[in-house]
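Chemist: This is what each chain is made of:
Number of protein chains: 2
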Amino acid sequence: MPLLESWVESANSPDTDFPLNNLPCGVFSSDACEPRCGVAIGDRILDLAAASAAGVLRAADPRALAAPGWNAFMALGPETWAAFRAELTGALSRNASQRPALEPFLLPRAEVRMHMPFAVAEFTDFYAGRNHAFNVGTMFRGPENALPPNWLHMPIGYNGRASSVVVSGTDIRRPWGQLKSPDHDMPAFLPSRRFDFELEVGAVVGQPSQRPVSVAEADAMIFGFVLLNDWSARDIQAWEYQPLGPFQAKATATTISPWIVTKAALEPFRTSTPPREKDLLPYLREPAPMLYDIALEAALAPAGKPETVITRTNYAEMYYSAAQQLAHHSASGCPMTVGDLLGSGTVSGKNAAERGSMLELSWGGKEPLTLDTGETRSFLEDGDRVTFRGHAQGPGYRIGFGECTGTVLPAIDKPDWA
Amino acid sequence: MPLLESWVESANSPDTDFPLNNLPCGVFSSDACEPRCGVAIGDRILDLAAASAAGVLRAADPRALAAPGWNAFMALGPETWAAFRAELTGALSRNASQRPALEPFLLPRAEVRMHMPFAVAEFTDFYAGRNHAFNVGTMFRGPENALPPNWLHMPIGYNGRASSVVVSGTDIRRPWGQLKSPDHDMPAFLPSRRFDFELEVGAVVGQPSQRPVSVAEADAMIFGFVLLNDWSARDIQAWEYQPLGPFQAKATATTISPWIVTKAALEPFRTSTPPREKDLLPYLREPAPMLYDIALEAALAPAGKPETVITRTNYAEMYYSAAQQLAHHSASGCPMTVGDLLGSGTVSGKNAAERGSMLELSWGGKEPLTLDTGETRSFLEDGDRVTFRGHAQGPGYRIGFGECTGTVLPAIDKPDWA
Chain A
708 MPLLESWVES ANSPDTDFPL NNLPCGVFSS DACEPRCGVA IGDRILDLAA
758 ASAAGVLRAA DPRALAAPGW NAFMALGPET WAAFRAELTG ALSRNASQRP
808 ALEPFLLPRA EVRMHMPFAV AEFTDFYAGR NHAFNVGTMF RGPENALPPN
858 WLHMPIGYNG RASSVVVSGT DIRRPWGQLK SPDHDMPAFL PSRRFDFELE
908 VGAVVGQPSQ RPVSVAEADA MIFGFVLLND WSARDIQAWE YQPLGPFQAK
958 ATATTISPWI VTKAALEPFR TSTPPREKDL LPYLREPAPM LYDIALEAAL
1008 APAGKPETVI TRTNYAEMYY SAAQQLAHHS ASGCPMTVGD LLGSGTVSGK
1058 NAAERGSMLE LSWGGKEPLT LDTGETRSFL EDGDRVTFRG HAQGPGYRIG
1108 FGECTGTVLP AIDKPDWA
Chain B
708 MPLLESWVES ANSPDTDFPL NNLPCGVFSS DACEPRCGVA IGDRILDLAA
758 ASAAGVLRAA DPRALAAPGW NAFMALGPET WAAFRAELTG ALSRNASQRP
808 ALEPFLLPRA EVRMHMPFAV AEFTDFYAGR NHAFNVGTMF RGPENALPPN
858 WLHMPIGYNG RASSVVVSGT DIRRPWGQLK SPDHDMPAFL PSRRFDFELE
908 VGAVVGQPSQ RPVSVAEADA MIFGFVLLND WSARDIQAWE YQPLGPFQAK
958 ATATTISPWI VTKAALEPFR TSTPPREKDL LPYLREPAPM LYDIALEAAL
1008 APAGKPETVI TRTNYAEMYY SAAQQLAHHS ASGCPMTVGD LLGSGTVSGK
1058 NAAERGSMLE LSWGGKEPLT LDTGETRSFL EDGDRVTFRG HAQGPGYRIG
1108 FGECTGTVLP AIDKPDWA
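Protein chains in written order, with our numbering: chain A, 708 to 1125; chain B, 708 to 1125.
Check the hints yourself; a few may be wrong.
Where chains are identical, the list cannot tell them apart; a pair therefore holds if satisfied intra-copy or between any two copies.
[Stated by the list, open to error] 30 Å max Cα-Cα, derived DSBU-like pairs, lysine-lysine:
| # | residue 1 | residue 2 |
| --- | --- | --- |
| 1 | K985 | K1121 |
| 2 | K1073 | K887 |
| 3 | K985 | K887 |
| 4 | K1012 | K1073 |
Simulated from the structure, these hints should not be mistaken for lab results.
Working from the sequences, and respecting the hints, build out all of it.
Modeler: Next up, the structure:
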């Protein structure tokens, strides 16, 4: 698909994340207004709540767009999603007659504050990248036992903590937790020393289910995607995770990008999951390509210093798509809800420079990374800022996610009861 | 504490679950009204929304009590909880002057329909019963490796699925899932053959936190307790749970009793956790007794047949209290929310007749139970009704939970895509 030209000139640049082809969904506020729904277009944001209330846009209920999250809009369903996207695409295109009516509702993005784009109903995090699972498994159990026996048969996942999901730009406190060193008999309660990021893509569930759904039905339930940083305390995790999985190691925070890039915008970039090493059970087979070709990168900037891009990878590396994950999630009859967030699992490529976590990049701390500043890192240090970026590349334009960023702050002082 | 006598005569019986000392919190509807807050008193329910709106009760905002869940009331905080309880206790006591004003708001409990007593924000399930952990660990890993190394140092838990929590009386569909028999190379997608219950007590979090809280602070955040059945598909669990814990095995449904028994009602029944085998880290030490002496039982009734009580145990068997669990849950900075539900973990006593799951009662299916009807059971069969009951025993009265019940329905037909 070619670039769709817009009368918003900044949207026609090949470098913007937000051409007319994208129209990602966010929630913003300004001095003049409370949090409400908007879409990004070039260096502007369109105030959908105001434009709809004024009758300039008519395809969606203005009350849904006046909410401080996209949940109510998502609940309106795929027909409304499509009709609203078509209306917006037309109204913002080069020669649209709506320009004079719509122009007053465009604000400079640089002047607004971004919020959580939706209320997270529940958060599930998967482990669906084969390279990541193999790398982590090799470090923990050796290469011959790296992949658990079930891994090639189902997308392994665990329920995370929705209350911990925050929007890009939120500072992240280094967590306290139980750590146990192999040299000690007893654990200690200390700030994590192996605090890490995980580079992921999150799928936003836009329709509910009350029964098991097929992969095709699951695909139709997904509204869009965000960048997602599953902050992880590796030392807390190592001690706590047997036998019931990660708990406090993953509960401090999960950062998402402020923009939901819709599935509609990503349609031209669909790609297949890799060939199966073991036949999948029919309930997990994909009737069509359900991954996306999305280039991803993570950058690390020590406090007050320039950033170094420390990894470049692609969402197409995943072994299971979000649609497969959602179908599996519903298999037991688990009710799925509008606003559920499914983390892809860490996206790591095959090569060392394509790994999606410090754990893998520094190989468990044994091979510290050297940054452009000359500093080295095994895990994250206080003051480090981690920034993810991602985009799908079209001919002369890109469908971008904006940034997903967070800075690690020192742990809180030790409470007197601890 | 002695029985507090009420002018509601049925509340003065030693056999009722709901004397004046209890006043548990539920949500009910009738032909005449939408779901709203009520308390049980004897065989009646007091319509708190109507009584407050009419000005007969004044200690809590009537709008909070008109909601179809106790979340808004809980958010008002412990001072309001105490003031409202004091007002209700006075108004319902033997010689209360409020009797004529309050009597019109009492309905027969038999004539109302009970709903979820609160909106579950997030659901966390723990594994904090030593006997249960030892029994399950012995079956899976042998007695010498039964308890994981971390178990005596922290309450092990995992995040469950809030969307799956249902109120007592809701039918439960046997789940489909991936099962792998040891004799086969490949898994199959089938209805669970080892579907089970877990007898638990759930703690309802009534106040939020944004930072690590002490055990004493955690205790103060807890509003009350429910009976909780953590329905579990053992065969799905065995195949999926490594390395990230239970997922679809626990996602079909979790049943809770319709009544939240408040912490205030249980105060006289506080008891200590057992002596520690390993010193706990200070952040998990209890400054006072924080378990409760609550007798629990589970009964199983095949379709159309009388029930057999298959286990009798006590909440005081837990190794970690709900306050310890909540303190641990918050340790990493995980934000806790009004309406969070924390499952205790299966409550199993030391003896075979005190085990809280079919997995333990039938020792993994090797020692099937014989019911009073003469039938045997290793796991649950279609049509089986499982009912939990629980109460704390005072002198001449009891603080009961009502019933927590559910009937297992056959799995849905195989979907054509599966």
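Chemist: Each hint: holds or not?
Modeler: Okay, the hints, checked on the actual structure:
no. : hint             : result
1   : K985 with K1121  : between (49 Å within a copy, 23 Å between copies)
2   : K1073 with K887  : within (19 Å within a copy, 37 Å between copies)
3   : K985 with K887   : between (37 Å within a copy, 14 Å between copies)
4   : K1012 with K1073 : within (24 Å within a copy, 64 Å between copies)
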